[in-house]
Amino acid sequence: MTKFFALVKAMFLNQQRASTFKSKASNKKGVSTRLILGIVFAPLLMLMAVQTYFVGTLSDATIQKEVISVLMGACQGMVFMFSIPSMLNVVFSCNDAERLLSMPVKPITIFTAKLTLVYLYELATSLVMSLFLILPFGIGAGLGVQFYFFLIVAVVIIPLLPLLLVAIVCFPFAYLSNYLQGKGFAKTLVTTLFFLVVMGAYFALVLSFGSMEGSDQMDFSDLAVLLVNLFSQNSQKISTFAFFNYWLATAMVSTNFVEIILNFLATLGLNLVSLALAVLLSNLLYKKMLSKSLEKTSKKAKDTRFLQEKQSNKLLTLAMCDLKRLLRESQMGFQVLAMPILIPIIMAVLCFALTTDGINQQLNFSDPFYSNLMLIMVVFYNLVIGISGNVLAMYPISRERTSFFMMKTMPVSLKTQLNAKLLLSTAMITISYLATAVICVTVLPIEWYFVFVLALLPIIFSFGSSCVTMLLDLRKPILDWTNFQTSLKNSPNTWWTMLIALCLLFATLIVAGLFVALYQVAQIDLFWLMYVVLIVLGIVYSLIAHSILMKNSKKYFDRIEI
Amino acid sequence: MINIQNVSKTYGNSAKKAVDNLTLTVNDGEIFGFLGPNGAGKSTTIKMICGILSIDEGAISIDGIDISQNPIQAKKLLGFVPDTHETYENLTANEYLNFVATIYEVPSNQVKQRAEKLLTLFELDKVLNNPIKTFSHGMKQKILVVASLLHNPKVWILDEPLTGLDPQSAYQLKLLMRKHADEGNTVFFSSHVIDVVEKVCDRIAIVDNGSLVVVDTLDKIRQNKDVSLEQVFLKVTGANLEENND
Ligand SMILES: Nc1ncnc2c1ncn2[C@@H]1O[C@H](COP(=O)(O)OP(=O)(O)O)[C@@H](O)[C@H]1O
Ligand SMILES: [Mg+2]
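Chain order of the listed sequences is F and V. Take the first sequence: its position 474, counting from 1, is numbered 474 in our numbering, and each next residue is one higher. Position in the second sequence counted from 1, then plus 1000, gives you our numbering.
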């Protein structure tokens, strides 16, 4: 047990400290950054809280359990989404296997310590989600003390099940991918495919769950009433689908003491059983996996002659070299591939959902109002997901890690190096946006030439944003990370990027709002002008961002000491 | 030729100077050994010469080109082997060398010939098409040496190049350094291993705590033949010699 705690502590500290880059100008801005971010994201969370509060006031005792189960399910969904990448990177990527295996520690201790580490990170997710989703409901419904006690229990328990599930699912996969050591690209591809399959299964589950009996009295004006209706009509479904949450939810609201205890014990039991299963699997496979991860097999190279490649221009060479390195590194490569593939896939799912009969009847696509509104929505989606998920543009310097010195020693100007990175990130996102646009015009009743608007707009905006995020990374790069997920994905720059995406969303929202209002009030169809205005705005934004990057990059670059 | 003029460097907001008012000239055609105990400031100096670290005070020029004023021109003249042996791990040796050839503008009719010669010398031809991450420490170091020589640099800088190499490779490297210097280039390397320095260097500098203590030819440093370089080194770096003698 002491070894276990020592391991957890050492790994946690090691990961936390990777992010403190100290430059000459002392950085005391960290606190204010978080404050700003908090202020920005608070409204979103508050909105959710208010909504669940009203659902709470409207629900009677018959559906409280169901509502709580679903809210917990939402928290678990968040944990599930966040934890797959962390799980793969922390528990299964074993980049510290060499150090760990040399220690007198059982593999099972290593496994549980790493699992605990992921759990600790996800505890934060669970806490925030519970505070803003479940707590307001309880207040609204006027539940007793026992609800608050079990809420604390719930915060602790909620991340467990999704984590263990992910761990169990990851095992066979990770075992397989270990056989692909040395074949970097194949491994990246398998990781990405795995992620997509799991995500697909998850979406399918959510969608099938979402196909609850649609209520006849659809009333969009009051979301809370609508939700309460949905819950009461589907209570049976919920209690079977989310039985694992249903038990804990019952313990939270029940008035029968025996029922409370039994349901609580059942919850504990379920979690213990999954923990036991995960540990059992780890006992069988983890040791082998760890040591296997150190053997990077490489094919017997037959060709021992030096093959000279045709020399091309430096910009392209840099971008290509960058791409090759990324794709062969499973931690980064996975992130680099997953996002561009996921963006069009989610779009496709959304498109098909939109064209189902029920919605088709409500929305009249021949009306320019609806068709343009939909186009704008697609652009918004692309902006938010594309920019905040563009790993290539978010950590262009940090990803160099120990080979960062190459950037400093090579006789190529910093501008060229940065432009090569911009080129790569823009090219990658372009493919993704184009695919999304093509899917949209194919599935949705939109004219084909809108493909240009749909692709061009996000590409321009994301180019500008790439410049900004690149500058952010130059300002405070994290070069000593070992774990992409915990060090980089949890860094302030990730949050800044989301903030940028939200600001852009807000800006485009204002422009679009003007034209929508114009149409609604005066029936003037000037939507073509809206696209022109947005494109011009995007180009101006990108040009300014690029020139700021070029002007300030040298200053920050020179400051980085290794 | 490397010209270091009154250079000082402090890391971050550390109180201590890692390099303190260092002045040094390394001439063409010589192998220059940069000696000093751990933490003396050798790597820091080398990183400033290569343009990795900014220079707080003073100036460094490579063949008369100031590294801060004109970094790209200066870096074209430099070949650098870092002490960490880190490169682009996920590229194969072959890909990496091609990358370096493009970046350093090696004439395309010379790339193959130079690469093959060096690769055979260090027996790396068999692993040429494997990713660098599958290499051992020494092999990584050797591929870095090969890459650093691909553009036939006017100034060749190596940070602790001989630690971790097997005897054959170390021997080959020493021969290469000699040859490179004899062709009129500058070879500058750091080390804390004394006997190596003793055997290959034309001139030696000893640094301690960021400052230059001695710089001269080997013979002049030793003054008389009975004193070994090791004794001089230990004396000038203020090591406590008494401790282990009883
Ligand atoms: N990245 C760094 N950040 C802060 N201090 C450093 C860094 N690198 C080296 N130092 C400090 O600078 C001094 C000189 O280090 P270095 O030049 O690496 O010595 P060596 O002669 O062994 O190569 C040491 O005191 C070391 O602690
Ligand atoms: Mg050193």
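Hints were generated in silico from the structure; no laboratory data involved. Glycine residues also receive a C-beta, built at the ideal position from the N, C-alpha and C atoms. The reader is advised that the hints may include incorrect statements.
[As the list claims (entries may be wrong)] With the Cβ distance kept under 7 Å, some of the chain F side facing chain V (calculated, not the full set):
1. T304
2. F306
3. E309
4. R325
5. E329
6. E400
7. T402
8. S403
9. M407
10. T409
11. M410
12. V412
13. S413
14. Y541
Hints versus structure:
A hinted interface residue such as T304/F counts as satisfied when its beta carbon comes closer than 7 Å to some beta carbon of chain V; here the least separation is about 5 Å, so the hint holds. For the restraint placing F306/F at the interface with chain V, the shortest Cβ-Cβ distance is roughly 5 Å, inside the 7 Å limit, so the hint holds. Annotation: E309/F was flagged as interfacial toward chain V, and the flag holds, the nearest CB pair being 4 Å apart, inside 7 Å. Satisfaction of the interface hint for R325/F is found here, the shortest Cβ-Cβ separation to chain V being roughly 5 Å, below the 7 Å cut-off.
Hint on E329/F holds. Least Cβ distance to chain V is approximately 5 Å, under the 7 Å limit. For E400/F, the shortest C-beta to C-beta distance to chain V is roughly 9 Å, which exceeds 7 Å, and the interface hint is violated. Hint status for T402/F: holds, given a least beta-carbon distance of 4 Å to chain V, under 7 Å. A cut of 7 Å between beta carbons decides the hint on S403/F: the least distance to chain V is about 5 Å, and the hint holds.
The criterion of a C-beta within 7 Å of any C-beta in chain V is not met by M407/F, whose closest approach is roughly 9 Å, and the hint is violated. A least Cβ separation of about 5 Å between T409/F and chain V falls short of the 7 Å threshold, and the interface hint therefore holds. Because the closest C-beta pair between M410/F and chain V is about 5 Å apart, less than 7 Å, the hint holds. A cut of 7 Å between beta carbons decides the hint on V412/F: the least distance to chain V is about 6 Å, and the hint holds.
Annotation: S413/F was flagged as interfacial toward chain V, and the flag holds, the nearest CB pair being 6 Å apart, inside 7 Å. The criterion of a C-beta within 7 Å of any C-beta in chain V is not met by Y541/F, whose closest approach is roughly 30 Å, and the hint is violated.
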